[in-house]
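Visitor: What follows is the residue order along each chain.
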Amino acid sequence: MLLKINKFKNHITAIAGFLLVLALVTHFMDLTVLKQAALLITTVIAGIPIFIKAFQALRMKVFSIELLVAIAVIGALFIGEYVESAVVTFLFLFGDYLEARTLQKTRSSLKELIDMAPQEAVVWRGGEEVTVEIDKVEVGDHVIIRSGGKVPVDGSVISGQASLNEAAVTGESVPKMKSKDDKVFSGTIVDSGYMEIIAEKVGDDTTFAKIIELMEEAQDSKSKTEKFLDKFANVYTPAVVILSVLVYLITRDLHIAITFLVVACPGALVIGAPVSNVAGIGNGAKNGVLVKGGEVMDKFSKVDTIVFDKTGTLTKGKPEVTDIKVFGEYEEEDVLRLVAQAETVSEHHLGRTIVKKANEKGMELSIKPTNVEVMKGNGIHVTIGVNHLSIGNKKLMDADGIHIKDEVSAYAIEREKLGNTAIFAAIDGKIVGIFSIADQIREDAVEALTRMRKNGIKKMIMLTGDNKHTAELVAKKLGLDEFHAELLPENKVEWVKKLKEEGHVVAMAGDGINDAPAIATADIGLAMGEGGTDVSMETADVVLMADKLMQFSHAYSLSKATIRNMKQNTFFAVGTVFVLLAGVLAGSVHLASGMFIHEASVLLVILNAMRLIRFNHRNIERERQVQVAEV
Amino acid sequence: MKTIKLQLEPLTCPSCIKKIETRLGKMNGVEEVKVMFNSSKVKATFNEESVKVEEIKETIEKLGYPALN
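As they're listed, the protein sequences go chains A and B. With the numbering used here, the residue at position 233 of the first sequence is 233, and numbering never jumps. With the numbering used here, the residue at position 18 of the second sequence is 18, and numbering never jumps.
Check the hints yourself; a few may be wrong.
To be verified - In silico contact screen, one side only, chain A against chain B (beta carbon under 10 Å); selected entries:
1. 56
2. 59
3. 61
4. 105
5. 114
6. 115
7. 117
8. 118
9. 119
10. 217
11. 275
12. 281
13. 286
14. 418
15. 588
Hints listed in this document are in silico derivations from the structure and should not be mistaken for laboratory results. Just so it is clear, CB atoms sit at the ideal spot from N, CA and C, and this is done for glycine as well.
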């Protein structure tokens, strides 16, 4: 019964509205009896859902706004103000309806994302294709995805190739080609093509499920402003009740006291800040930027210093071997084979680049290196067969006491000045070759950095484990304020700490695991990374899903816009309450008109927040078109 | 200790948050309650020995908010 009434609330609102119009018509026709009847019926019909909620709250001994309204309505009936009682009940329901509709809009970004979740999957089971529900897919399953289908789980492609729309995960709607060994994410859509994948992460472990989880938490994690408003409302509500009693005692006018009580309900005040946050976070999610909550938004908008990691953040992070120079008796082929064999055990991206180069040349790398010793940030020591190898930077050579001839040293510096990283390879204590590896600056880096500077970033610093020459080249090209090279992960943490101590509000942007400590230390940690790794998604405050610096710039201006919007709403709400209360005391605002202004102010703050959903929409659209044209 | 998430019908008034949080918080065995207003979910951490999921659901429903799952 109670639930049914709740369900028909919209109908009740419509009927009450109709009856109010009828009352207005009869008013002009001077049919007083009919008019009073219409008003009374309106009050009763529209009052039912309100009284039910009020009663439920009363029974459970908790405070509720419906209780206030119910008291006010009874009071109005008591003093014979049928117009007021009818208008107030109707407005309360109608306002509720409008709020639900508009709130739905501010929440739509997340809803759209959730709706992108795949429902079923086609898998190989016992030699045939079967369609199963999404939660029946297990790790290791062989999954088939056809054109137009959704990728059901995270996994690796084992055969076929397809063009994929990854908007659900990265916010990027330009399709991407994926083929053997590429990673694919749950929730992305096959535009055209066919592929088979092996499931690696299923259910709640997929990147997509994590994004949804993070967004849900983020939308409701409160900013300082919100916490303050909550506390304020906690004091404010009882204060209003006491004040209205005082008003009654002084004026002996029940009407004014009740009006005061209803009008002072802190509707816009309570909702003003959260709606801005939700709309802002929603905008981010749609554009591949996960901002973890209101507090992060607030802090992010105050950032004045950004610390960048170089590799993978300012540069593409996909380095290539540009040159191999040999010194001594070994041939180029042999040096590459030996070094690549050694690096097969390495997790370092530069090491993997060398392995990739050897793979491209079709070399067999079957001999397993032994006595592996990883010198973090500097290189590795391994034994292959009878040879002892040291591969790494100059520091490693110095530490091992390996002599570097002047011509070798000159060559290395020359390569570094050209923007390469020089990797020394020594066999049995003698340098046999230098690998030049180069990584290109991201195409959108210059524009993104320029925009962020325009939006209020005062200082941009690059911290890198790479050599001075390469770092200098990148810093110069991008116009950075400072750079510090040849750092270890813990040095980066020290730098971030130092900057914080100097009074800067620091954002640290990095990728991968080695930056995680610095990301965690900074006021705002940003993780870049396509699809995001688990570590970065968990430690960072802001995750850039599409691996683009323009998203960084968007996130920064978005945080400023969100906080601005929140402030507007707060000022507006507080202002409205004071104007209303003053109006009531001065006798110029009555119950019905007060209720109207009150509901209107709630709607206005929601509408204001809704502007954030489309924030920067035009710029993003334009960029997308340019990209599609390029593709 | 167990944590559940209950999906409610879309919440519209922010005052519901207080109402649900205060009432559930008073329940014996409920350690932590958070109403996630924007996703219309209630996240509750509770002691399984002293309170059942059904009881939590019932309390929320008595307040006038039917749980969907």
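Visitor: None of the hints should be skipped; say for each whether it holds.
Guide: Going through the hints against the structure:
The interface hint given for residue 56 of chain A holds, since its Cβ lies 5 Å from the closest Cβ of chain B, which is under the 10 Å cut-off. Taking 10 Å as the C-beta contact cut-off toward chain B, the hint placing residue 59 of chain A at the interface holds, the least distance being around 7 Å. Hint status for residue 61 of chain A relative to chain B: holds, with the closest Cβ pair at about 8 Å, below 10 Å. A least Cβ separation of about 12 Å between residue 105 of chain A and chain B goes past the 10 Å threshold, and the interface hint is therefore violated.
For residue 114 of chain A, the interface hint holds, since its Cβ comes within 10 Å of a Cβ in chain B; the closest pair sits about 9 Å apart. At its closest, the beta carbon of residue 115 of chain A sits 14 Å from a beta carbon of chain B; the interface hint therefore is violated under the 10 Å criterion. At about 14 Å, the closest approach between the beta carbon of residue 117 of chain A and any beta carbon in chain B exceeds 10 Å, and the interface hint on this residue is violated. Proximity of residue 118 of chain A to chain B is violated relative to the hint, the smallest CB-CB distance being about 19 Å (cut-off 10 Å).
Hint on residue 119 of chain A is violated. Least Cβ distance to chain B is approximately 17 Å, over the 10 Å limit. The closest approach between the C-beta of residue 217 of chain A and any C-beta of chain B is roughly 8 Å, which is under the 10 Å cut-off, so the hint is satisfied. About 9 Å separates the beta-carbon of residue 275 of chain A from the nearest beta-carbon of chain B, less than 10 Å, and the hint is met. For residue 281 of chain A, the suggested interface contact is upheld, since its CB lies about 9 Å from the closest CB of chain B, less than 10 Å.
Residue-level restraint check for residue 286 of chain A is violated (minimum Cβ-Cβ distance to chain B is 15 Å; threshold 10 Å). The interface hint given for residue 418 of chain A is violated, since its Cβ lies 52 Å from the closest Cβ of chain B, which is over the 10 Å cut-off. With 10 Å as the threshold, the beta carbon of residue 588 of chain A stays out of range of chain B, its nearest partner Cβ sitting at about 27 Å, so the hint is violated.
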